[in-house]
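Heads up: the protein sequence lines correspond to chains F and S, in order.
Residue numbering for the first sequence is 12 to 226, as defined by the working numbering.
Residue numbering for the second sequence is 644 to 869, as defined by the working numbering.
Simulated from the structure, these hints should not be mistaken for laboratory data.
Treat the hints with caution; some may be incorrect.
[Said to hold, decoys possible] For lysine to aspartate or glutamate, the following EDC-like pairs were computed, each having C-alpha atoms within a straight-line distance of at most 16 Å:
no., chain 1, residue 1, chain 2, residue 2
1, S, 778, S, 766
2, S, 663, F, 46
3, F, 93, S, 661
4, F, 135, S, 741
5, S, 663, F, 132
6, F, 93, S, 664
Computed from a predicted model, the values in this text were never measured in an experiment.
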Amino acid sequence: MKRYLLILFAVWLCLTAADAKEKQDREPYDLRRHEFSLYGACYPGRYAFGYDFELYPYLNKYNTSSNGPVSSIYTDGATYNKERVTNSWTLMYTYNFTKVFALSLGLSYEGGWNEYFRREDNRKLFSLQSHYFSPMLTARFSWLNRKLLRMYSSAGLGFSVGLNDSKYKGPPTSTKFSMQVTPVGVSVGKDVFGFAEVGIGTIYVGGCLGIGYRF
Amino acid sequence: MAAVGIAVVFSGCTMYSDMKENENPAMETSVMLYGGYISPVFRGVEIADFFAGYQAIREDRDAALELAGLYFGTAFSPDELFYEKFYVQSHGSIKVTDVKDVYRYTAAGLMEERVYQITAAGEGRYIVEGVSSNKGYDEVLRVCQMKAEAVVEDGVVGILGLRADYTENNDLKVVMSCAGTLEMPLCRGGDFWLYPVSGAIRYDISGEVEDSFIVRYHDGNMNMER
């Protein structure tokens, strides 16, 4: 019985010592008020809810399905396209009110170009493009704050302005509601930091990676 | 690590091209028209051949189910076999009409209802007729009027003659016709062929597009001739 008590005492001593050492290692939290960051969506990026490069609606006859009318199958067969999309990029400024709460103002961009070529001689027939800009205000709550590591959640609201060229079937500009929810984000670093987030919304669906600077 | 991150993010800058899609519009057209208008003729004749034989024995339920098993294996449900109507998921439904030996066949597996009238002319011969019209999401109205003569012999459906006039309301017309007897084995046990094992179909396209070609079938393969 005495032996068990001694073992228990030894374990308690070890745990206490470890806890004391951890507290000693933990420096006081260094609150930097300002942050600038840049991030890009990593997956699936272009398929975010907000941007509709897939639609290019007036091009139905150049993008017919296998059940399309015969006339469209031939028109589609006579051409091919090259569609380029930039991915979704965001530049963000964050003000840390406390170590837990911060507000961010971000501007996201995603652009796309669609060029059509004649299959017979590869001659370019026409091209069209769309660009989306999304300002957004985001509230961030940090629930783990360490010297080099922070974990947080955030939610943002804003709007998205689409600029489409004149060949687009829809209006030249369009405005949509925009939102982004990030259940988990993690940042590593002190002044210069890298971060990764998992989220869903109009800016991206999936994840994002970025870098930032605090001062 | 940073390089991997940058690579992952930049991989979102994508380029898509349909350069390798729909390189042969004639073949795309033939596949679409065959699937929509000619393939149901094979399925319809097959179910009609069973249904015509079934009418003579329909009061003997055991014999009727045995006959259905010979044609469709386990692909049919006995609960779908009525005196005046029969439904098989892979084929569609067939009903008797007021006229003896004339059946109303509704094809399965299509986006819209497509109905054919099938007349059993005796000795395994069938006349298939139908007019269908549908408007897709693209607002193009498609109308197809068709007539085919088929025979069921030695477990094979043969389309001896066929003429289908397909039109779109954009002045395009496709005439499909037999360029050699089209043959396809009966379903027998639930498995069925999607394309004929022999024969050929001629397609003549006029109007907004001008094209003519023959699609020849052999042992599950097809090739196109101009």
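Hints and how they fare:
1. S/778 / S/766: It is violated: about 38 Å lies between the C-alpha atoms, which goes past 16 Å.
2. S/663 / F/46: violated, 46 Å
3. F/93 / S/661: Satisfied, since the Cα-Cα distance of roughly 7 Å is no more than 16 Å.
4. F/135 / S/741: Distance ~60 Å between residue 135 of chain F and residue 741 of chain S Cα, so the pair is violated.
5. S/663 / F/132: Status holds; Cα separation ~15 Å.
6. F/93 / S/664: holds, 12 Å
Violation of the numbered hints given earlier is confined to hints 1, 2 and 4; the remaining hints are satisfied by the structure.
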